[in-house]
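There are 10 protein chains.
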Amino acid sequence: MTTEPTRTLEHFPNPRPGRDFEVRFETPEFTCLCPKTGQPDFATIRIRYTPAERCVELKSLKLYLWSYRDQGAFHEAVVNRILDDLVAAIAPRTMVVEGDFLVRGGIHTVVEARHP
Amino acid sequence: MTTEPTRTLEHFPNPRPGRDFEVRFETPEFTCLCPKTGQPDFATIRIRYTPAERCVELKSLKLYLWSYRDQGAFHEAVVNRILDDLVAAIAPRTMVVEGDFLVRGGIHTVVEARHP
Amino acid sequence: MTTEPTRTLEHFPNPRPGRDFEVRFETPEFTCLCPKTGQPDFATIRIRYTPAERCVELKSLKLYLWSYRDQGAFHEAVVNRILDDLVAAIAPRTMVVEGDFLVRGGIHTVVEARHP
Amino acid sequence: MTTEPTRTLEHFPNPRPGRDFEVRFETPEFTCLCPKTGQPDFATIRIRYTPAERCVELKSLKLYLWSYRDQGAFHEAVVNRILDDLVAAIAPRTMVVEGDFLVRGGIHTVVEARHP
Amino acid sequence: MTTEPTRTLEHFPNPRPGRDFEVRFETPEFTCLCPKTGQPDFATIRIRYTPAERCVELKSLKLYLWSYRDQGAFHEAVVNRILDDLVAAIAPRTMVVEGDFLVRGGIHTVVEARHP
Amino acid sequence: MTTEPTRTLEHFPNPRPGRDFEVRFETPEFTCLCPKTGQPDFATIRIRYTPAERCVELKSLKLYLWSYRDQGAFHEAVVNRILDDLVAAIAPRTMVVEGDFLVRGGIHTVVEARHP
Amino acid sequence: MTTEPTRTLEHFPNPRPGRDFEVRFETPEFTCLCPKTGQPDFATIRIRYTPAERCVELKSLKLYLWSYRDQGAFHEAVVNRILDDLVAAIAPRTMVVEGDFLVRGGIHTVVEARHP
Amino acid sequence: MTTEPTRTLEHFPNPRPGRDFEVRFETPEFTCLCPKTGQPDFATIRIRYTPAERCVELKSLKLYLWSYRDQGAFHEAVVNRILDDLVAAIAPRTMVVEGDFLVRGGIHTVVEARHP
Amino acid sequence: MTTEPTRTLEHFPNPRPGRDFEVRFETPEFTCLCPKTGQPDFATIRIRYTPAERCVELKSLKLYLWSYRDQGAFHEAVVNRILDDLVAAIAPRTMVVEGDFLVRGGIHTVVEARHP
Amino acid sequence: MTTEPTRTLEHFPNPRPGRDFEVRFETPEFTCLCPKTGQPDFATIRIRYTPAERCVELKSLKLYLWSYRDQGAFHEAVVNRILDDLVAAIAPRTMVVEGDFLVRGGIHTVVEARHP
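Residue numbers (my numbering), protein chains in the order written: chain A, 1 to 116; chain B, 1001 to 1116; chain C, 2001 to 2116; chain D, 3001 to 3116; chain E, 4001 to 4116; chain F, 5001 to 5116; chain G, 6001 to 6116; chain H, 7001 to 7116; chain I, 8001 to 8116; chain J, 9001 to 9116.
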């Protein structure tokens, strides 16, 4: 039985809305496809944010990140896309998403996007 | 003979109240239960604070942290709870609590809360 | 809903019985109680073995290791006990179990037992 | 345009057949699916061998390892399968394949198989 | 067949022009010649920038960095030259180029230049 | 023959009084006694300061730190005491003293005090 | 109240006498005095052994190691002395004691003794 | 003025021919060209040997390794070639040459050849 | 033939005077003598600066640092002296010199001086 | 007042002659001169030995190693010379001397000699 990846990011109410606190996620388990060559790309994704009303639910985040497995995505675009989707889902006070991609052509690439 | 864990955080008078100084604690020996699945979670807890009138007593801190062993606690909530309890006990000038949780679903999570 | 820890180690048939190969597990998520003081102990458990007819199933291994959470266990005894239980369950050609315990009284302890 | 992954491992003649020498490959870019849950697994694959008449061609090895991306594969089975396929392709004097899988259920697993 | 190195830095439109984000590249594969002695020098090149309208294309960046292989270049001059060329090609909001050169005469040298 | 430890911190004139510069010391060779239990405690002491008219003499600093070997001293108090003694001896422009204590009760403690 | 250090090494029966297993201890909390100069020396002590009938009890080992705090002891002699005392107390099948001393005169010294 | 790279490995008499001793060299400054694509490859070269009558002269070794800068060379072949040339030049009792190549196609390759 | 060390720091014109950039040097090859005991001291020297009109020439810097080999020099004085000499030679916009000295009397010392 | 370096290696009687034990020394504080160029060379010296009747005295070893400061010495020769001198002084059962020299011409060199 397969758990289908999904674009839906679930959330739960911030358990301590009166205080600014920070949540940080890191996963080395991100893969997508290069839109030019169709070859797989691999990255570590790091997310940190200060919640406002909502926190992102961990399991739905995992499924959301899986949903890129069969999609073509440029480095610069995919990091901004993840940030846009998370901002749309939970409207955080601040958020940073970093994609740290494995070496291609001898070059190691990191893309980091911030909101707001 | 068992030392019962306890929620009581003991304190002693700040030995140098006229100066701002910082105390930092770190322990890899924190475990609680996931409220959803009942499975154990593990974390390293890091605390740093600048005392005002009172310092937290080390042994009572250890017993306090043990008291989570059989309790269900979400990552975001437990870190804020520890901060609330410590602030209530010693009223520090500033305090930061960080919970650095072991990997679940391929994702490593850190929660960091600050007072004030 | 809680997944109950259990002493039952499940197994599956060795997928390549004609060849000697090695499986290694490592988990920092082991905790038990000190039989003298009742205080929690924490360890990293490392297991490596060469299967004969059976391989140990990963999820049952996780549940098995959880089952020590509320039990008193001396360092030297618990590592030998885990080895005995695994040998009884899957009869491996060779197996090594290592318990790497966090500092007590300023001393870091490792216990390593081998079969046969 | 997509480069299709393939099961064909290409080879070239050993440039120095009169001497025993060792070749070692390591790649963190391996992913397959868990046959039970359909969830992605990630591993670093390490291969080392002493060639006899043939050496494995690097680009075909890369494409071969990609071919597991959409396949269900148990940890113990996939490492033995990679070793079988490489041995069939180049008949090395000796070969070792190691799969070093990312954490599942709090447990880090490594499988290592040797030929002969 | 040889891919000729080239001085032409290609670019593509910034996929998210309304947001400030950062791109970081690092490659240990840079070599040029010492203009005084003709001896090879080796460096790791690190580039980070915030794009305005254009992003630098990764493959053309690789070819551009190769183009120094047969050229004499002083440490201080070559890092500024790379920054000048990249600024001319993509007009970034901000950019930093760092050349981290291997030991010569027992001394390890790093040069870091910033725009604007 | 024994070199007696001493509380006297010797000093020499700042060799470059017209410039702000920083001196940093670090020693893992600090031990005192726990005032509650009489058990030995161990710490790394880090000191950094910007001298005004006087610099602390290295050998007297070593003897001064030895003088705690047979004294009971709480973590928070001893670090403030070292800072007080050094400030009294050399009246630096700024000074920071950090005591980084080995694990007690599973908890690693650092105390850091600043002047002014 | 002070816990007096002591030369008595306590032991308990080997919980699994039919099997060869290894116990390893490591502590950075060892200090003695240089017999020539009276100055404190600091070392990390590492002990590993295979028990026969008896295992060394951890708390008595800690108190035993403290007993050197006020004693003069040459590096080469103290490591052999610890090994002699442990062998006399528990008669292990094999034992190794290593003393890893902090730098004196710019030289880092390690002494390692084995039984039998 | 340029120092021309050269294939000539110079040597000097073993200063202690009556004893077996080992010399180890390591340099991250090796580059050659891929014979298929013409693209530069980079490697760390490690050499260790026990001299018989002759030792290799360090400066000529450096110039010898430079001589590959403009040559096409497959990984497996170039390491064996370096070993052959060194053995021809100094006839060592034993020698090992290791080429540790930077990532290509996501795969890190090491080749190690031994004499005799 | 011996290259004589020298106090003359040579320079060359800043190749990019219109831009603020930073040059960093690090060498573990610094030794001088303790003025009190005549014993050798060893340090890593780190220099970083932003050039104005002139850059320091690397080979003359190496020879300059050698010139301390037979000179007595206190830690605090020698770092300020190197900074003074470099500032006199090249008049940089900003410069930092750090001397990181090996352990004496169990204490590791670092001195860091800044201009202006 | 200067402590003159000296070639005399002092010794003391082995405190435990009935047992084979190992002593290991390591110092990063070794410097000599290149006999060809007169330039300083720097090395870490590692010595390990099993004493027979005599142990080498630490302070005399330090002074002995200083005595190379103003002497020309080739890498391969100096390591064998140190081994010869130590063997002559204390006649150990076994001894290994390793000289680990800092980079020259981009190449890091280690020489290791063994007795007998």
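Worth double-checking, as some hints may not be accurate.
Stated by the list, open to error - With a cut-off of at most 27 Å between alpha-carbon atoms, the simulated BS3-like pairs for lysine-lysine come out as follows: (1) A/Lys59 / C/Lys2036; (2) E/Lys4062 / H/Lys7059; (3) B/Lys1036 / C/Lys2036; (4) C/Lys2036 / A/Lys62; (5) A/Lys36 / E/Lys4059; (6) G/Lys6036 / B/Lys1059; (7) D/Lys3062 / C/Lys2062; (8) G/Lys6062 / G/Lys6036; (9) D/Lys3036 / A/Lys36; (10) B/Lys1059 / F/Lys5062; (11) E/Lys4036 / D/Lys3062; (12) E/Lys4036 / A/Lys36; (13) H/Lys7059 / J/Lys9036.
None of these hints come from the bench; they were simulated from the model.
Small disclaimer: the values here were computed from a predicted structure and weren't measured.
Next item on the list: Just pull the numbers of the violated hints for me, sorted ascending.
Entry: Violated hints (numbers, rising): 1, 2, 3, 4, 6, 7, 9, 10, 11, 12; every other hint is consistent with the structure.
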